[in-house]
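Dock chain to chain to rebuild the complex, using the hints, since each chain is given by itself in its own frame.
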Amino acid sequence: MNNRFFYIIQFVLVMIFQIMILNTVEVKSAVLIFGIPVFIPLIYPMLILILPSNINYFVMMLYALVIGFLLDYFSNTPGLHASSLVLLAYLRPRILSLFYQQDIKKIGSVKPTMYRLGFVSFLFYITFCILVHHLFFYTLQVWSFKNIPLVLFKTLLSGVITVLMITISQFIFYSNKSIKV
Amino acid sequence: MRNLIILLRTYYRFFVFIFIFIFCLAIFFRNNNYQYASAIHSARGITGSVHKKKQNVWAYLNLKKNNDSLLAENARLRSRLGIKLKNNPLKDTAFSSLVSEDSVKQTIYYKYIPARVLNNSIDQKNNYITLNKGTNDNIRKNMSVVSAKGIVGKVTHVSENYCLASSMLSSKVKISCVTPNGTIGNVSWASEYDADYVVLNGIPQSEKLKKGDTVLTSGFSLFPKNVMIGRVVGTASGGNSGMKRYKIKLATNFRRLNFVYIVDDNTTFERTIWEDSIINVSNEQ
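From first to last, the protein sequence lines stand for chains A and B. Mapped onto our numbering, the consecutive letters of the first sequence carry residue numbers 1 to 181. Mapped onto our numbering, the consecutive letters of the second sequence carry residue numbers 1 to 285.
So that you can see chain B by itself, here it is in the shape it has in the complex (with noise of 0.2 Å):
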């Protein structure tokens, strides 16, 4: 006994480094788990707030180029669906879009709720976007964020006033997308380190795609159909034997990401709980 308190009277310093070491690094390889994401701290309100105000003065320095690109944006848009609407879409701040269209019924499947991002990570392994609308706004979880020119994520966490979107650059997220053949496959974010390249996975070998070549999403993930993901710049080395694989450029700008919307579908939110009731009952069964 008294050989173990000169040990740790001579050698106090270590042994409270490790401690405090040990539980850091506990702390970190816990949270840094994909599942276990429980790293929610900027969608609460205290550091919600601060972001806020950090992006209150970002967004000054940019608001010309912001400006201009919100112009060109709605230009766009009101071109293409200002006069099947009926209702005057400039007095509603959250626009809708026609998918179907009857001439008597019009059903409305999806619904842009505009979003403001208040923080934004490209370095991680896991990349999280902090958007200013949350629960009062009738953001759910698995929600799409979709930018004006491409995909950008989906929510993983709400609250009140704050949500955070696990962003397209993440080791996890797997999006189902198509190419201009129609041959479906899936993308990823594979490099871990390169903001503006994805990789676009399960091509057969069959299939050539050329340089330039649109990959949009197939809609069959949580994702709209039809949201630009990118262009085709080249093959990707490594992969299964028989599937190809494409490197390929987002036309998401993740390092100027300043507005975004996020897309409510119920159509969607329908069909994937109704396909994970099936699978949990037939894994029970």
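Isolated chain A, as found in the complex (with noise of 0.2 Å):
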């Protein structure tokens, strides 16, 4: 029960810091790089990421559908945000067995944090992911051949930057303590 309320706390902080803080940054830093202006740092994303290896399929694809129609709806982009979550909570099984050596199946519940996973497997997972999750936002964003460049570019800058996000918040969310497997 501790555990269900944690994800509760963790998806109420993480969705006012992306709506009320990063939705807002984009348009108020008039920071330029080539000319080209910057980007919404996506975080969100980390919400999916997170969860146990072993939650319920149905579950998952539902919390995924939730959080992508409430950004959706809150940035006046009714279908972007959920397609590209449901397409991460979708793979994400298979690029978690592709990082994690284990077979996850005989162990159970494994929450896929950097304590538990390791520092360098927990990074090249996060980073596939997010990579795969931003190249899709950012197509169907733009959704033109002419900008091609652009959206690797989008794509190439927001993703350091959540990559980034990602791996800070899991210094404030786990300590090394407060391992649980």
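Do not rely on the hints blindly, as some may be mistaken.
As the list claims (entries may be wrong) - Here chain A is said to cover these stretches of chain B; the calculated rule only asks that three of the stretch's residues, wherever they fall, bring their Cβ under 8 Å from a Cβ of chain A:
{"id": "1", "region": "15 to 23"}
{"id": "2", "region": "118 to 126"}
Stated by the list, open to error - For the chain B half of the interface with chain A, some residues (derived, Cβ under 8 Å), not all of them:
{"id": "3", "residue": "27"}
{"id": "4", "residue": "28"}
{"id": "5", "residue": "47"}
{"id": "6", "residue": "54"}
{"id": "7", "residue": "193"}
{"id": "8", "residue": "274"}
These aren't lab readings, by the way, just hints derived from the structure by calculation. Values in this document were obtained by computation on a predicted structure and should not be read as measured data. Backbone N, C-alpha and C fix where the C-beta goes; we use that ideal spot for every residue, glycine too.
Structure representation (structure tokens):
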């Protein structure tokens, strides 16, 4: 039960952070790199990435759908966040088994945190997931063959910031003592 | 039948995924279309009030900058029309501008309604701005929105307390404009990612525009006449043969948009409704 409470707190914190602060950063900061405005940093895929490995498939898909629609509702982009997050939720078990050497089904519940997976495996796992999510997200957002370099550019820059923020959040939400296997 | 059930049981994850995924994509592509733009979420009550709270905090952080720009604008406006108006403009929150004046009768064409920007985006294909005025303040669809420095966009959706304006940074918005020589052209957002520049179309080869020339609205579209759009910075590639394209730097900074004015213009409404009715009748015949 303690566990469920933890995920709810995390959901609320991350959503407030994304909607109230990150969604505004893009508009307010006049930072330009090569003349292209800097995109919105997206931290919310983290909510899906840190779910336990043996979570019910339908619960996870529904959770992704709810997060996606909430974000769409607040940023006037119906279906954009939702579809990319649902894609990520579907691919996550496969990507997780790629970067986690032991057989997940035998072990049971594994929280893919930095302390459980190890720093390097965790970083590869996060980077790969974020790459898939961002590439799909920005392709859908830009949606033209003319601007393929722009898509790659946005994916790369936004991805670096997202991976950095998720890694930092691991230090905030988990400490070395509170590992629950 | 048995095989079908086995197939479904083996690949049920994939089928569920495809079902939800296509559902999301269908919503996305249906609403992404400019004509069917029903993305009026931020004009609704709940999200509107959340954006309002967010904007309260951010506006506080930018307070000094906003005050300076408002003071400068007030000074400019008061020097321009403070003497001509009979009633004290400071008593009215919505002040009015005189366009044609008579010694006997003064006709008011434009009415400027100040509004605050609650939500703003610049990174989408079609960008929208949420404003804190709605039908309660007599805001209607297709009213134009201007800022202290230049044009912003036009109102597309209205609710009771909020309205949503499609900003100049939208792929389908085209605005009629006029160059210093009097040539009429149109301005649109061509780059789809650069929030500082728009492209001026439809200028004949014979006309040469210099760097720094101002481009103003012509008054043929919904915007009032002689509102600043931006300055020419150079030629742009592409376009039809025979017509030249110019790159224009916008006067309005869409990254720091806090206060705007919604223009209430009765004559334009009458004109556009009349024009539309004529076009519709001639199409039906």
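The hints, checked one at a time:
Three residues within the 8 Å Cβ limit are the bar, and the region 15 to 23 of chain B against chain A gives 4, so the coverage statement holds. Restraint check on the region 118 to 126 of chain B versus chain A: 7 residues with Cβ-Cβ distances below 8 Å, three needed, restraint holds. A least Cβ separation of about 4 Å between residue 27 (chain B) and chain A falls short of the 8 Å threshold, and the interface hint therefore holds. Annotation: residue 28 (chain B) was flagged as interfacial toward chain A, and the flag holds, the nearest CB pair being 3 Å apart, inside 8 Å.
Interface hint at residue 47 (chain B): satisfied, since its Cβ lies 6 Å from the closest Cβ of chain A, which is below the 8 Å cut-off. Evaluation of the residue 54 (chain B) hint against chain A yields a held restraint, the C-beta minimum of about 5 Å falling below 8 Å. For the restraint placing residue 193 (chain B) at the interface with chain A, the shortest Cβ-Cβ distance is roughly 6 Å, inside the 8 Å limit, so the hint holds. Taken as an interface hint, residue 274 (chain B) does not check out: its beta carbon lies about 33 Å from the nearest beta carbon of chain A, beyond 8 Å.
In this structure, only the earlier hint numbered 8 is contradicted, and the remaining ones agree with it.
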